[in-house]
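Now for the letters of each chain:
2 protein chains.
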Amino acid sequence: MDVVNNLDAVDETSFQAKSFFESAPLLKDADSISGKLTQFILQNSSLTGIEGPRRVVCVTSGGTTVPLEQRCVRYIDNFSSGHRGATSTEYFLKSGYSVIFLYRRGTCQPYCRSLPDDPLLECFKLASDSSIQVQESHAEAVKSAIGGHHDAVSQGYLLKLPFTTIFEYLQILRLIATSMKILGPSALFYLAAAVSDFYVPWESMAVHKIQSASGPLDMRLAQVPKMLSVLRKEWAPTAFCVSFKLETDTEILLEKAGAALKKYKMHAVVANELSTRKEVVILVTESEKKLVYRENNQSDVESPLIKLLVEKHSTYIRDLNA
Amino acid sequence: MDVVNNLDAVDETSFQAKSFFESAPLLKDADSISGKLTQFILQNSSLTGIEGPRRVVCVTSGGTTVPLEQRCVRYIDNFSSGHRGATSTEYFLKSGYSVIFLYRRGTCQPYCRSLPDDPLLECFKLASDSSIQVQESHAEAVKSAIGGHHDAVSQGYLLKLPFTTIFEYLQILRLIATSMKILGPSALFYLAAAVSDFYVPWESMAVHKIQSASGPLDMRLAQVPKMLSVLRKEWAPTAFCVSFKLETDTEILLEKAGAALKKYKMHAVVANELSTRKEVVILVTESEKKLVYRENNQSDVESPLIKLLVEKHSTYIRDLNA
Numbered sequence: 063m064d065v066v067n068n069l070d071a072v073d074e075t076s077f078q079a080k081s082f083f084e085s086a087p088l089l090k091d092a093d094s095i096s097g098k099l100t101q102f103i104l105q106n107s108s109l110t111g112i113e114g115p116r117r118v119v120c121v122t123s124g125g126t127t128v129p130l131e132q133r134c135v136r137y138i139d140n141f142s143s144g145h146r147g148a149t150s151t152e153y154f155l156k157s158g159y160s161v162i163f164l165y166r167r168g169t170c171q172p173y174c175r176s177l178p179d180d181p182l183l184e185c186f187k188l189a190s191d192s193s194i195q196v197q198e199s200h201a202e203a204v205k206s207a208i209g210g211h212h213d214a215v216s217q218g219y220l221l222k223l224p225f226t227t228i229f230e231y232l233q234i235l236r237l238i239a240t241s242m243k244i245l246g247p248s249a250l251f252y253l254a255a256a257v258s259d260f261y262v263p264w265e266s267m268a269v270h271k272i273q274s275a276s277g278p279l280d281m282r283l284a285q286v287p288k289m290l291s292v293l294r295k296e297w298a299p300t301a302f303c304v305s306f307k308l309e310t311d312t313e314i315l316l317e318k319a320g321a322a323l324k325k326y327k328m329h330a331v332v333a334n335e336l337s338t339r340k341e342v343v344i345l346v347t348e349s350e351k352k353l354v355y356r357e358n359n360q361s362d363v364e365s366p367l368i369k370l371l372v373e374k375h376s377t378y379i380r381d382l383n384a
Numbered sequence: 063m064d065v066v067n068n069l070d071a072v073d074e075t076s077f078q079a080k081s082f083f084e085s086a087p088l089l090k091d092a093d094s095i096s097g098k099l100t101q102f103i104l105q106n107s108s109l110t111g112i113e114g115p116r117r118v119v120c121v122t123s124g125g126t127t128v129p130l131e132q133r134c135v136r137y138i139d140n141f142s143s144g145h146r147g148a149t150s151t152e153y154f155l156k157s158g159y160s161v162i163f164l165y166r167r168g169t170c171q172p173y174c175r176s177l178p179d180d181p182l183l184e185c186f187k188l189a190s191d192s193s194i195q196v197q198e199s200h201a202e203a204v205k206s207a208i209g210g211h212h213d214a215v216s217q218g219y220l221l222k223l224p225f226t227t228i229f230e231y232l233q234i235l236r237l238i239a240t241s242m243k244i245l246g247p248s249a250l251f252y253l254a255a256a257v258s259d260f261y262v263p264w265e266s267m268a269v270h271k272i273q274s275a276s277g278p279l280d281m282r283l284a285q286v287p288k289m290l291s292v293l294r295k296e297w298a299p300t301a302f303c304v305s306f307k308l309e310t311d312t313e314i315l316l317e318k319a320g321a322a323l324k325k326y327k328m329h330a331v332v333a334n335e336l337s338t339r340k341e342v343v344i345l346v347t348e349s350e351k352k353l354v355y356r357e358n359n360q361s362d363v364e365s366p367l368i369k370l371l372v373e374k375h376s377t378y379i380r381d382l383n384a
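Chain order of the listed sequences is Y and P.
Reminder that position 186 of the first sequence reads as 248 in my numbering, one-by-one numbering, no gaps.
Reminder that position 6 of the second sequence reads as 68 in my numbering, one-by-one numbering, no gaps.
Since no wrong hints were added, every one of them can be taken at face value.
Derived PhoX-like pairs (lysine-lysine); straight-line CA-CA distance at most 25 angstroms:
1) LYS187(P) with LYS156(Y)
2) LYS90(P) with LYS340(Y)
3) LYS205(P) with LYS187(Y)
4) LYS187(P) with LYS205(Y)
5) LYS324(P) with LYS369(P)
6) LYS187(Y) with LYS98(P)
Some chain Y residues flagged as far from chain P (calculated, every beta-carbon gap over 12 angstroms):
7) THR100
8) GLN105
9) TRP264
10) LYS327
In case anyone wonders, no lab produced these hints; they're calculated from the structure.
For every residue, glycine included, the Cβ atom is placed at its ideal position computed from N, Cα and C.
Using the sequences and the accompanying hints, generate a full structural model.
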């Protein structure tokens, strides 16, 4: 009985996913993105890494937007600085992974965390000879940002792909997942992006700017299909998958994280609470709920978190290859 | 009869505005903002400018957000790169105005238009001696950005105040307007920000993240009170006021711009259509509807637009002083 229900649920989701993609606005530069992906994955999978072929992780970062109008003036956005994804990307690279960084335009970039909001105007000055100089106070941050970023990209270990809307995000994620299929268990998905739960289906969307002529605005938003199931079942069935659960209410956080683990068959769920997310997260797996703390003020909670995930990924690969 | 209705309408708006501010979350650093404003306005009003005291313009720029949850994870955003406001700020400074730039965090900054999306990572490189160097291709853009910006700020002609939510925007705008009151007719408001028409009143807002457990999400958004009326009538009754009308449907654009001019007693309304807004705008005043075109590929539509507005502002000042 339960099994039947589960099967129904899965088929239902696949169906919803299918119609979501069929009705979504066409992804621009899909071909160029596919090209970059194929090249990046071929290059990196031919390298040897920790115990076997070099591992590739897809890190998603930042929030997706949901347009409320086809000629988009208004949209619903999900808050996310992209700090978690950018920081984690640095630690994955450090651990010998190659990273496909799927990020929201304008959000935090790897190696740029310790920079001020507006680096150009805050970190640089015009010298008397009208040459551009770095402010001493920011020199180190600027150097490691430009240096670290440049190294990762030029060595071919970091591929950055930007998105804005939920339509772009899910279409690019599908491209990434299907191209990573050939990596088998050495592929990892680290889904830190804040993805909209609700959206306005494109065909039912107002073409022009919604008029504010009179009275309140009533909106009905449809649920975004649970693509995690589709990712696990269809797009990349052998990859190691880590998803995130962010709540502002600690009460329901663990319960929802556990539910996500089962429902979407994730290998791990990172549970975090909005106000403490930079200090502590809870890594939820089938076998345990592990508290992961930031070690000290100089370090990040992502450091022990990625270390732990790399170990679990290694075990996963060994078990599958055994 | 008409007059009576108008009066009713105005009182109604004042009442709605009052309750909007009473229920809005308290503005952080209100005191420090007021301090900066008082100092900036005192300094600049003591200087002489074109025909009389130096003029001060408040340029608003970028879109406001509307939180859907008090501990904000989701919000509705209004699309705006802030390009119009940033560009106009440069031309106002060129024309001898001092500028209070009320901008959305992260949007385009004055003098930074010709820079790539991510200036730090795209314009700079680490030289072999590990010193930071500007890429030749971007050297000019970077110099004029840092130079122009630094000059305007250090000379005390540019005050930048950031906002994110509709609550911050309207509370800061009120602070600015009331502090600019003493400038009389030499104050100008250039309201280019994309302000939300709808919002969720704070008290009726979900405290925690809205759950996506089951089914679609129904939302009812209230109308944001028409603050333009309040600005004209109460906050800065003698200032020269220019508002903007953006539509994606050309059909209704002029009609709505004309209506705004009358309804909010603006001195001018800049009408622009989403797809052509960088090529042409229509300046709507009581006496005329004037098409303003970008002169050539090197220039901006803001150049002739600001020139025209400065003339109209001069006439306005002369008439009031006559």
